[in-house]
Amino acid sequence: MKILVCISCVPDTTSKINFKNEDSEFDDYGVQYVINPNDEFGLTRAIWFKEKDNATIDVISVGEQSNETILRKALAIGADRAIRINAKAVDSFNVAKNISNFIKENSYDLIIAGRESIDYNGSMVPGMISEILNINFITNCVSIEINNNIATTKREMEGGIETLSCELPLIIGGQKGLVEESDLRIPNMRGIMQARQKPLDIIDAADSEKKTKTHKFYKPEEKKEIKMVSADNLDKLIDLLHNEAKVI
Amino acid sequence: MSIIAYIESNNGVAKKSAFEVISYAKNISNKLAVELIVVAVNINDTNEIFDYGPDKIITVNKEDIKIFNAKIYADIIYQIAKKNSANYVILGGGVDSKFLAPILSIKLNAGYLSNVVELPSNFEPFTVKRTSFSNKSFCDASIYSENKIISLSSNSYEKMKIPSNPQIIEFDVEIPNSTIKQDSIETAKGNISIADADIVVSAGRGMKGPENWHLIENLANTLNAATACSKPVSDLGWRPHSEHVGQTGKPVATNLYIAIGISGAIQHLAGVSSSKVKVVINNDPDAPFFKAADYGVIGDAFEVVPKLNEKLKAFKAENN
Ligand SMILES: Cc1cc2nc3c(=O)[nH]c(=O)nc-3n(C[C@H](O)[C@H](O)[C@H](O)COP(=O)(O)OP(=O)(O)OC[C@H]3O[C@@H](n4cnc5c(N)ncnc54)[C@H](O)[C@@H]3O)c2cc1C
Ligand SMILES: Nc1ncnc2c1ncn2[C@@H]1O[C@H](COP(=O)(O)O)[C@@H](O)[C@H]1O
Chain A
97 MKILVCISCV PDTTSKINFK NEDSEFDDYG VQYVINPNDE FGLTRAIWFK EKDNATIDVI
157 SVGEQSNETI LRKALAIGAD RAIRINAKAV DSFNVAKNIS NFIKENSYDL IIAGRESIDY
217 NGSMVPGMIS EILNINFITN CVSIEINNNI ATTKREMEGG IETLSCELPL IIGGQKGLVE
277 ESDLRIPNMR GIMQARQKPL DIIDAADSEK KTKTHKFYKP EEKKEIKMVS ADNLDKLIDL
337 LHNEAKVI
Chain B
-4 MSIIAYIESN NGVAKKSAFE VISYAKNISN KLAVELIVVA VNINDTNEIF DYGPDKIITV
56 NKEDIKIFNA KIYADIIYQI AKKNSANYVI LGGGVDSKFL APILSIKLNA GYLSNVVELP
116 SNFEPFTVKR TSFSNKSFCD ASIYSENKII SLSSNSYEKM KIPSNPQIIE FDVEIPNSTI
176 KQDSIETAKG NISIADADIV VSAGRGMKGP ENWHLIENLA NTLNAATACS KPVSDLGWRP
236 HSEHVGQTGK PVATNLYIAI GISGAIQHLA GVSSSKVKVV INNDPDAPFF KAADYGVIGD
296 AFEVVPKLNE KLKAFKAENN
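Chains A and B are the protein sequences, given in the same order. Here the first sequence stands for residues 97 to 344, where the numbers follow the working numbering. Here the second sequence stands for residues -4 to 315, where the numbers follow the working numbering.
Just so you know, these hints were derived from the structure itself, not from any lab. C-beta: ideal position from N, C-alpha, C; glycine also. Don't take every hint at face value.
If you want the footprint, here are the derived chain B segments under chain A, 3+ residues with CB under 8 Å [to be verified]:
#1 126 to 138
#2 259 to 270
#3 296 to 306
In silico negatives: residues of chain A with every beta carbon more than 12 Å from chain B [to be verified]:
#4 K98
#5 K148
#6 R177
#7 K200
#8 I257
#9 R281
Could you put the whole structure together from the sequences, leaning on the hints where they help?
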């Protein structure tokens, strides 16, 4: 089985979010980049397929040179080959188009992406890839098993979970549940040494068409002063919620 | 030209977010002076929709599409958009809408923006405000293609009644093939989902253990609220993953978010900051959540929560 894991490179969740150039760009001064958490669950699930079913794992990221640290980390955790498509990822459609071009030439049985990236929160790339390539797509995936070319997955819905099955090839949008937090791997010394020998291929972006553009960022408004209510006077809280905030 | 509002339903009834989506689309259709078409798939009673001003309601009722399938639903909307020369499709922020929207965007060759929170600030180019960095910021983004799709975040646009007398058309769709089959479904019975709730009661590690969650559930019952939790609580298995909210869990954008025994870590706040009013109950006056909330109570959850619940019950009894 050939697996491709799509990795988006995002600021660490503790990062302070600041902007530069008159708020037109994210300011990554002092920011540490990490594998998008949803993709990290997917990558670990892929490694289980490798360990149990001899799958091979390629990882791909559309981005600039700085993404290579993240791709090396994926190799150190257990991926076999990394690919960076050299383009600034600014439009989901463009990212999807470029990844799709790569998949067309390399054919995979399973493509694992994340439910969403935690920076631009698009929830777009895997769904777009599925339609460009006309393959099955299941998102909000919390479990995946594969037997005889049939994938069985669980999808989190509003108010429940459904079990879906289909033939491969398939692309999923994964999230926590594919594996648990405690299953995530930290690269060890041996993995890091091996990663240096593994291929990290850089390919040119073939497609430059874009449909959207982000041009200005805002920080949320400063919070107004909090109103404290004494634990002995909860009637006051109810009064404030009813008459002032009008939410109950 | 026309604009389509696609609405989600639950057991044949339009969801609350449906009316926000229609009202939002109505505003754009007025500005552009084009027809507003509501697409209602498997909705039994469309009367409620009349109140929000559509020119047309296109209904699709077929037994074999009772179960949601993103590819099939995207294709249905695509067929309706083509037939009616729609170049705008507005959807809600529900899980199903966000599942089908990227598929639809490729079919319609449309630019797509998700998590939109305001009306367009400009039409040349079409520009809207959306959340980014998991609610740690907002951004303005534009769509340059002729066809446009946006998904509107729940609770970000006020529904508005503008009654109309729409034409109702049953659409005869061609149902495409999908090889994805639903084997089974487990629904969390009786629970209100976080996405649908007006009020969310959420609790953290301060509750000490799963055996104390009846306090949280009772309060949620009184308020007709959904229950949620912080990440460690779901990691520890005290509560199901589906309740985990925050940057790496579900986003919460309700009218009222009550956080009990939650410290207010940056990753938690990121996911819940879009809620309109936040109440914090914590016994540590230095808990960071107090800096990000509207109302705060310093106290022991095990005393405050049951007391608050009793008082709210009395309040509800009086006000209903
Ligand atoms: C990559 C990453 C992603 C993350 N994503 C998320 C996320 O999406 N969502 C999320 O929630 N977290 C997330 N976290 C975890 C986050 O950093 C915090 O660890 C977590 O939110 C803390 O949960 P908590 O507030 O329940 O627990 P704690 O931090 O242990 O806080 C418990 C609180 O309860 C209070 N308390 C204790 N006893 C009582 C009592 N009797 N009455 C009242 N109050 C009491 C304490 O004062 C304290 O403030 C993430 C972390 C990382 C590294
Ligand atoms: N620049 C990128 N390179 C590779 N994969 C990406 C990129 N951006 C997004 N993805 C994948 O698509 C998923 C959803 O991202 P998004 O559509 O941006 O929310 C991510 O979790 C990744 O798996």
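Hints, one by one, checked against the model:
Only residues whose C-beta sits within less than 8 Å of a C-beta in chain A count toward coverage, and the stretch 126 to 138 of chain B has 13 of them, enough to reach three; the restraint holds. Here's how the stretch 259 to 270 of chain B fares: 4 of its residues keep a CB closer than 8 Å to some CB of chain A, so the rule of at least three is met and the hint holds. As drawn, the stretch 296 to 306 of chain B meets chain A at 5 residues by the rule of a beta-carbon pair under 8 Å; at three or more, the given contact holds. The non-interface label for K98 (chain A) is consistent with chain B: the shortest C-beta to C-beta separation is roughly 20 Å, beyond 12 Å.
No Cβ of chain B approaches the Cβ of K148 (chain A) within 12 Å, the least distance being about 22 Å, so the stated non-interface status holds. Distance check for R177 (chain A) against chain B: the nearest CB is about 27 Å away, which clears 12 Å, and the non-interface claim stands. No Cβ of chain B approaches the Cβ of K200 (chain A) within 12 Å, the least distance being about 14 Å, so the stated non-interface status holds. The claim that I257 (chain A) is not at the interface with chain B is violated, since a C-beta of that chain comes within 12 Å of its own (minimum 5 Å).
Interface exclusion of R281 (chain A) from chain B stands, the closest Cβ pair being 17 Å apart, more than 12 Å.
When each numbered hint is compared with the structure, a violation occurs for hint 8 only.
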